[in-house]
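There are 2 protein chains.
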Amino acid sequence: MAKTFKIIPGSITAPSGFLGAAVFCDIKRLGTGKGSNKGKKRDLALIVSEVPATVAGMFTTNQICAAPVKVCAERVRGGEAQAIVVNSGNANACTGKQGMKDAYEMTAILGRELHMPEQHIMVGSTGRIGVTMPMENLKRGILDAAWQLNSTVKNADAVAEAIMTSDTRPKQIAIELQVGGKRVRVGGICKGAGMIQPGMSATGKRPAAAPQGLHATMLCFITTDVAIEAKALQACLQEAVAVSFNRITVDGDMSTNDTVLVLANGLAENAVLKKGSKDLAVFQEALSHVCLELAKKIVRDGEGVTRFVTIRVNGARNFADADAAVRAVGNSSLVKTSWFGGDPNWGRIIDALGYSPAKIVEEKVDIAYAAPGSKKLVYSLKRGQPASTPFKTLCQIAAEKEFELHINLNLGKGSAVLYAADLTEEYVDFNKGDVTDPSSMGG
Amino acid sequence: MAKTFKIIPGSITAPSGFLGAAVFCDIKRLGTGKGSNKGKKRDLALIVSEVPATVAGMFTTNQICAAPVKVCAERVRGGEAQAIVVNSGNANACTGKQGMKDAYEMTAILGRELHMPEQHIMVGSTGRIGVTMPMENLKRGILDAAWQLNSTVKNADAVAEAIMTSDTRPKQIAIELQVGGKRVRVGGICKGAGMIQPGMSATGKRPAAAPQGLHATMLCFITTDVAIEAKALQACLQEAVAVSFNRITVDGDMSTNDTVLVLANGLAENAVLKKGSKDLAVFQEALSHVCLELAKKIVRDGEGVTRFVTIRVNGARNFADADAAVRAVGNSSLVKTSWFGGDPNWGRIIDALGYSPAKIVEEKVDIAYAAPGSKKLVYSLKRGQPASTPFKTLCQIAAEKEFELHINLNLGKGSAVLYAADLTEEYVDFNKGDVTDPSSMGG
Chain A
494 MAKTFKIIPG
504 SITAPSGFLG
514 AAVFCDIKRL
524 GTGKGSNKGK
534 KRDLALIVSE
544 VPATVAGMFT
554 TNQICAAPVK
564 VCAERVRGGE
574 AQAIVVNSGN
584 ANACTGKQGM
594 KDAYEMTAIL
604 GRELHMPEQH
614 IMVGSTGRIG
624 VTMPMENLKR
634 GILDAAWQLN
644 STVKNADAVA
654 EAIMTSDTRP
664 KQIAIELQVG
674 GKRVRVGGIC
684 KGAGMIQPGM
694 SATGKRPAAA
704 PQGLHATMLC
714 FITTDVAIEA
724 KALQACLQEA
734 VAVSFNRITV
744 DGDMSTNDTV
754 LVLANGLAEN
764 AVLKKGSKDL
774 AVFQEALSHV
784 CLELAKKIVR
794 DGEGVTRFVT
804 IRVNGARNFA
814 DADAAVRAVG
824 NSSLVKTSWF
834 GGDPNWGRII
844 DALGYSPAKI
854 VEEKVDIAYA
864 APGSKKLVYS
874 LKRGQPASTP
884 FKTLCQIAAE
894 KEFELHINLN
904 LGKGSAVLYA
914 ADLTEEYVDF
924 NKGDVTDPSS
934 MGG
Chain B
494 MAKTFKIIPG
504 SITAPSGFLG
514 AAVFCDIKRL
524 GTGKGSNKGK
534 KRDLALIVSE
544 VPATVAGMFT
554 TNQICAAPVK
564 VCAERVRGGE
574 AQAIVVNSGN
584 ANACTGKQGM
594 KDAYEMTAIL
604 GRELHMPEQH
614 IMVGSTGRIG
624 VTMPMENLKR
634 GILDAAWQLN
644 STVKNADAVA
654 EAIMTSDTRP
664 KQIAIELQVG
674 GKRVRVGGIC
684 KGAGMIQPGM
694 SATGKRPAAA
704 PQGLHATMLC
714 FITTDVAIEA
724 KALQACLQEA
734 VAVSFNRITV
744 DGDMSTNDTV
754 LVLANGLAEN
764 AVLKKGSKDL
774 AVFQEALSHV
784 CLELAKKIVR
794 DGEGVTRFVT
804 IRVNGARNFA
814 DADAAVRAVG
824 NSSLVKTSWF
834 GGDPNWGRII
844 DALGYSPAKI
854 VEEKVDIAYA
864 APGSKKLVYS
874 LKRGQPASTP
884 FKTLCQIAAE
894 KEFELHINLN
904 LGKGSAVLYA
914 ADLTEEYVDF
924 NKGDVTDPSS
934 MGG
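These protein sequences, in sequence, are chains A and B. The first sequence stops at residue 936 when you use the working numbering, and every number in between is there. The second sequence stops at residue 936 when you use the working numbering, and every number in between is there.
Note that these hints are calculated values from the structure, not bench results. Any given hint could be a false lead.
It does not matter which identical chain is meant; a pair holds if it fits inside one copy or across any two.
Stated by the list, open to error - Keeping only pairs whose Cα atoms sit at most 30 Å apart, straight-line, the calculated BS3-like set for lysine-lysine is:
#1 K894 / K771
#2 K869 / K885
#3 K875 / K594
#4 K906 / K768
#5 K868 / K771
Bear in mind that the values here come from a model prediction, so they are computed numbers and not experimental data.
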């Protein structure tokens, strides 16, 4: 299918009718801020639609799930929203009843300020786990940020920065497409870095058969001016997340706070998209593209990451097996450290396949390396037997910043892809913690 | 139960009638050895009983399983053996039909030399995956080593060294006990270091409900002069491995070669132990102790390991849940890196519990730290709420080389323990591979 959209500059404020705002209010309580931005990274942001929008969301399936996730999972069911308040520096996770009260209060403060029903306000948090929110600072921040909305500056860059934690750079994208003859835009921002192997569902509840090893805080906020019914939007988001955020891993750890939210405010004035609309596929393609590009940005900017590896498993008995196999490889410490060294160590790969819950028959397994997007597969193992490819040839592919790994189990038609990363000394150094600073507890 | 055994010096040659031999025969083909030991670590060893012994074994449940594992799994069913030939430097895994032929041939060479039926000879390998065995070197090595058996030196230390790969030190133990009025000895050696999360079964087949995440090459050889029926020995070994080697993890990767073998030659002349013998419990306790001490040595000497953490999960719905929970914590990159930093980061621990397949209810979870063996639990989380323990107090415990983590899910009676390790820059550095040396492919 030819791409039916084009990439444009900007992100969440590219679609009509969206505004952003971001401030520093010292949520980590560094004790230096007085609401000013003097030298401190912004830590609180607002995304606001000028008109009420339909909303859809996907949330972590971690059984330990943060208060803001619970609030959003409940409110998206209403299908309507107009604003998002989000902070970094504190995850508001494992904070009990006070945490729930604080999450609701964040939306109530903004609701009063913007004259919106608080039920139409979503909330997101990322940062430290197990510490109650510094509500004085948050209140000051929300009021400061709301004031910013009166300016003509749209602040998308500042919002993308405000949600960062261990990210080294902001992650943004915007695209433009035609829906029923109308110009539609989709914009998105996200943050990731560590504790990244999302497994999200629409309710935050795990599916009956929980995918093996679903295990980041990743936050993603998408805006669009398309007109779409809430149910259709949720279905599109579910499909988009399934092929993007739920297919990445940095360190195999699934966060308590993973959240993706989409606001669609209808200002493009297309005929409202609903189940069965012939233009739905075009919007789906656009939304999936936005999610996939943002998801890949998370892996490439993962903590300490130097290599981006696309792992493709084909020929599994079924999807569950393919998924289990691809995650065993993508989360193996030994496989990941070998990638760091640029070492095409397929012995570790087949070892990981063998201990995965997927059915594997040694005599059937193919393992091949390829340049990104290339159809030219260079085999290291064919039907369980070492291929004659010179080790040097494999090394050349594995030495690149990005490459693909093609695994065929030759047992069936199940396939799965995982966008994975190497494991580096920098990752360990970054995460070993600073016991002089309890705020280093990620979440 | 008071301990009914005492620790004595030595290892596999402490029990009556066992001999060892070890040589360097350049299995990694460094190209420098001519059967001499000049400056090179020994890489081939023999363990031989003067008389036929009963045998029991436990093997990796990795679906990709090395040729020597297949040979042993088949031969232990015969219940009788007299010798073990073992090499480091090449795992003889993913080597197809040639690999099977080579494994059989190793036992045949030794059988001819020692005038034993080759069916009574077991074989073990550890090292590189996917490269056929250098049989010329192996043959020379086996003949050299067999010649050594004529000496009066028992060579236990040399055997313990010969099986090492990335281990920094040999691992040995011997104990003495009384069985039916007779002095019985049990000795053991093992190797580990990386690719360590064994999940072994008697047949090498996975149990119907494969324990979650079972994932080293670890090799362990145990000798004893007790008289015991093969079936009873297998049952005792199964129980001993269940509470020792199958309860450790270094990096969460299960090897293709994990093997534990026991030879019991009966020279202690006790009344033959069988199912129902009242002295079986005493032997079981001794064997379990030998396995547990060797298993802990593997974790403490794991690649780059600086901290040894005993994780205890109690109050799970059942054992499967407790096991899933304890492995999620013990294999989380974020939890392991925080241990490296001496950081009691319980936020990451509850996050890992939350994404594990085990049922978790946030409001019920307790997390506490303790000094090794101490009953004094210092809580960081009680019933899902951060405890009032000062962060400094937790840091003091987590700063030690060894500590215990007590997790209570408060949902049932399932419990499980896991002996785990930190994840360090040294691990990454060691495993990132050296692409100038394809023999760095571990297995």
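Within a copy, between copies, both or neither: where do K906 and K768 come within 30 Å Cα-Cα?
-> within (29 Å within a copy, 48 Å between copies)
Are the CA atoms of K868 and K771 at most 30 Å apart within a copy, between copies, both, or neither?
-> Answer is neither; intra-copy 32 Å and inter-copy 66 Å both fail.
Between copies, within a copy, both or neither: which fits K894 and K771 at Cα up to 30 Å?
-> Cα proximity of K894 and K771: none, with 40 Å in one copy and 63 Å across.
From the Cα coordinates, with 30 Å as the cut-off, is the pair K869 and K885 best called within, between, both, or neither?
-> Intra 16 Å, inter 56 Å, cutoff 30 Å: intra-copy only.
Evaluate K875 and K594 at a C-alpha cut-off of 30 Å and name the case that applies: within, between, both or neither.
-> between (58 Å within a copy, 20 Å between copies)
Hint check: violations occur at hints 1, 5; the rest are consistent with the structure.
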